[in-house]
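Numbering (our numbering), first residue to last: 589 to 1190.
Source of the hints: derived by calculation from the structure; they are not laboratory data. Take these hints with a grain of salt, some might be off.
Unchecked claim - Here are the simulated DSS-like pairs of lysine-lysine, each with C-alpha atoms no more than 30 angstroms apart in a straight line:
1) K784 x K1015
2) K1015 x K1155
3) K1015 x K1148
4) K1015 x K814
5) K932 x K814
6) K806 x K784
7) K932 x K1015
8) K814 x K784
9) K691 x K1015
10) K932 x K806
11) K814 x K691
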Amino acid sequence: MTFSRWHSLLAAAALALLAGLAAAPARAATIPISQSPLFTATGQPPLMMMVMSRDEQLFIKAYTDYTDLDSDGLLDTTYQNRFSYSGYFDPDLCYAYGSGQFKATAAANNHQCGGSWSGNFLNWITMSRLDMLRFVFYGGYRSTDAATTVLERAHIPSDLHAWVKTYGGSDIARYTPYSSATSFCNASFSNTGVPKLRVASGTWTEWASTALNQCNWKEDANNDAKPDSPPRATELDVRVEVCAGGTGALRESFCREYGTAGIFKPAGLLQEYGENRSMRFGLLTGSYSAPRSGGVVRRNIGPIAGNGTATGCAAGDEIDLSTGRFCNQGDGAEGVINTMNRLKLLTWNYAASWTDCNTYSILNRQGFGSPNLNNPGTAANGRNCSAWGNPMSEMYAEALRYITAETPSATFNVTGDLAGLPAPAWKDPYRSPDDGGNAYCANCSILALSTGLNSFDSDEIPNVAALGSGAVAATNVVGAREQVNGSYLVGRGGATPLGASLNTHEDLCTAKSITALADVRGICPDIPSMEGSYLLSGLAHKAYTTDLRPNLTGPDGNPKPATYKNKVQTYAVSVAENLPTFRVPLGSSSLSLAPLCQAHNA
589 MTFSRWHSLL AAAALALLAG LAAAPARAAT IPISQSPLFT ATGQPPLMMM VMSRDEQLFI
649 KAYTDYTDLD SDGLLDTTYQ NRFSYSGYFD PDLCYAYGSG QFKATAAANN HQCGGSWSGN
709 FLNWITMSRL DMLRFVFYGG YRSTDAATTV LERAHIPSDL HAWVKTYGGS DIARYTPYSS
769 ATSFCNASFS NTGVPKLRVA SGTWTEWAST ALNQCNWKED ANNDAKPDSP PRATELDVRV
829 EVCAGGTGAL RESFCREYGT AGIFKPAGLL QEYGENRSMR FGLLTGSYSA PRSGGVVRRN
889 IGPIAGNGTA TGCAAGDEID LSTGRFCNQG DGAEGVINTM NRLKLLTWNY AASWTDCNTY
949 SILNRQGFGS PNLNNPGTAA NGRNCSAWGN PMSEMYAEAL RYITAETPSA TFNVTGDLAG
1009 LPAPAWKDPY RSPDDGGNAY CANCSILALS TGLNSFDSDE IPNVAALGSG AVAATNVVGA
1069 REQVNGSYLV GRGGATPLGA SLNTHEDLCT AKSITALADV RGICPDIPSM EGSYLLSGLA
1129 HKAYTTDLRP NLTGPDGNPK PATYKNKVQT YAVSVAENLP TFRVPLGSSS LSLAPLCQAH
1189 NA
């Protein structure tokens, strides 16, 4: 995925709220999108609750190499210099490595550096999906946030989340210090170690495709695939010093200046729209203690900077406006940045297994001493599998409960959640502005950020009283209007109640008779046995057509105008595709194999 695609996919929804612009796919072209900035429409800063996946799909490579980047009908399976790859390295700068980190040394010529590291090439080989989210929203994870700034790649377990990139083009010396075919393997080798990039001469395509441990050297004692691994060679830390100060310094294009002393810091959308308080942000993510059960509010909706009367860091601040440094980053500190910085997979034992996922499978609802192994489960019985689960519909419903001033769902238990993740008490976003809240006329939106396809998101949908009907009824309204009725390729047609003994692990993408959209389980063609549903669509439609806060009052204490409705508009971004999309030519048109595709067409 190119720089423009990454940035537009993640930023379009936020920018749409502010500028009325969005790049929607053709099939969604009829959806009305505001043509004026929402913060000028009411005179109040708009509110955005981000609902974000935290599952293992965040920790895989950002650039999959099975995307047709130039729309010529052929997959682009390797580095393409004509594209600009986004990430912690500036695509238009050259970098040298020393003292455990990269640093810009010169300007690139068309991404080419003649014997040193091209920033564009480094982004292609090193960036994960989580890095891209961090980069777009706030400039990236800072391992050093002081007078100098060092960005660090996300922690990548050395199982099959690790990845190898190979490049054997005759022009390799234009992008790297190497002159012949070279392999680049990305992984971490302990929970506290620095993320690594291992570099070996030759084309080692199976270096990260073995049975257990990936990116091993041939000599490693725990190497389960020695013939597919190169002999010990070069190992680099994936860290980069960015935003150098001083006149004429080489500085990345994503750096932002602070104060009068020439301080520069990497910045993203939160800095652009949060520092000037033109937008107010909140965050809800899934949890690690109940990974297939709803989600937890990590930040109440509010201003992320400028909450105090003096420079520095006040309560509620995530950015120091005088220095650009991050504020309130301690254990449990409420915040978007603090949460996204702490997301990490910690239960891989760097040998052969996941310590909390070693008994049977999250897919299995039958037998083995429990009627429902996939949910719930505990680390003690090896069934928690904290890395797996993307219950987006349940998370979304919980976000609606927050916006409508209900209380947290008791079943979305956070006891034993990943250490340091915040779980603040809920504060009504429409509480009095004197108490840090927002006026009744502040528009509210939800930005759903999904790592891939939703899973296990239908059996614990919390009730949202303000909607007036449940998720099933609301989704069937959408299905009826979309004329979902017939034979479709889905995993299952029918409900999957919590605790029921069902053979969902056997669900395949085969033709099923579907008469109600709310009955669909298992997203095809990717994950038919993981109980993903379309219930979010019904919830989102109902939230946009219902006054969710009919009893709000204005600043004079009187009820809001009867004509004013507090609705929630929903934007969704899928961070990356799980599998390639296959298009089959059919005469003058083509057929795409996509979710919920009709059986008679596929």
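Going through the hints against the structure:
Between K784 and K1015 the CA atoms are separated by roughly 41 angstroms; this puts the pair beyond 30 angstroms, and the hint is violated. A C-alpha spacing of about 18 angstroms is found between K1015 and K1155, which places the hinted pair at or below 30 angstroms, so the restraint holds. With a CA separation close to 20 angstroms, the supplied pair K1015 and K1148 stays within the 30 angstroms bound. At most 30 angstroms may separate the alpha-carbon atoms for a hinted pair to count; K1015 and K814 exceed this at roughly 55 angstroms.
Simply put, K932 and K814 have alpha-carbon atoms about 28 angstroms apart, close enough for the 30 angstroms limit, and the pair holds. With a C-alpha separation of about 17 angstroms, the suggested pairing of K806 with K784 holds against the 30 angstroms cut-off. A hinted pair counts as satisfied when its Cα atoms are at most 30 angstroms apart, and K932 with K1015 qualifies at roughly 27 angstroms. For the hint linking K814 to K784, the alpha-carbon distance of about 20 angstroms falls within 30 angstroms, and the restraint holds.
Note on K691 and K1015: the hinted pairing is violated, with a Cα-Cα distance of about 43 angstroms set against a maximum of 30 angstroms. Under the criterion of a C-alpha separation no larger than 30 angstroms, the hint pairing K932 with K806 is consistent with the structure, at around 28 angstroms. Of the supplied pair hints, the one linking K814 and K691 is violated, its CA atoms being roughly 34 angstroms apart against a limit of 30 angstroms.
The structure is inconsistent with the numbered hints 1, 4, 9 and 11, although it conforms to all the rest.
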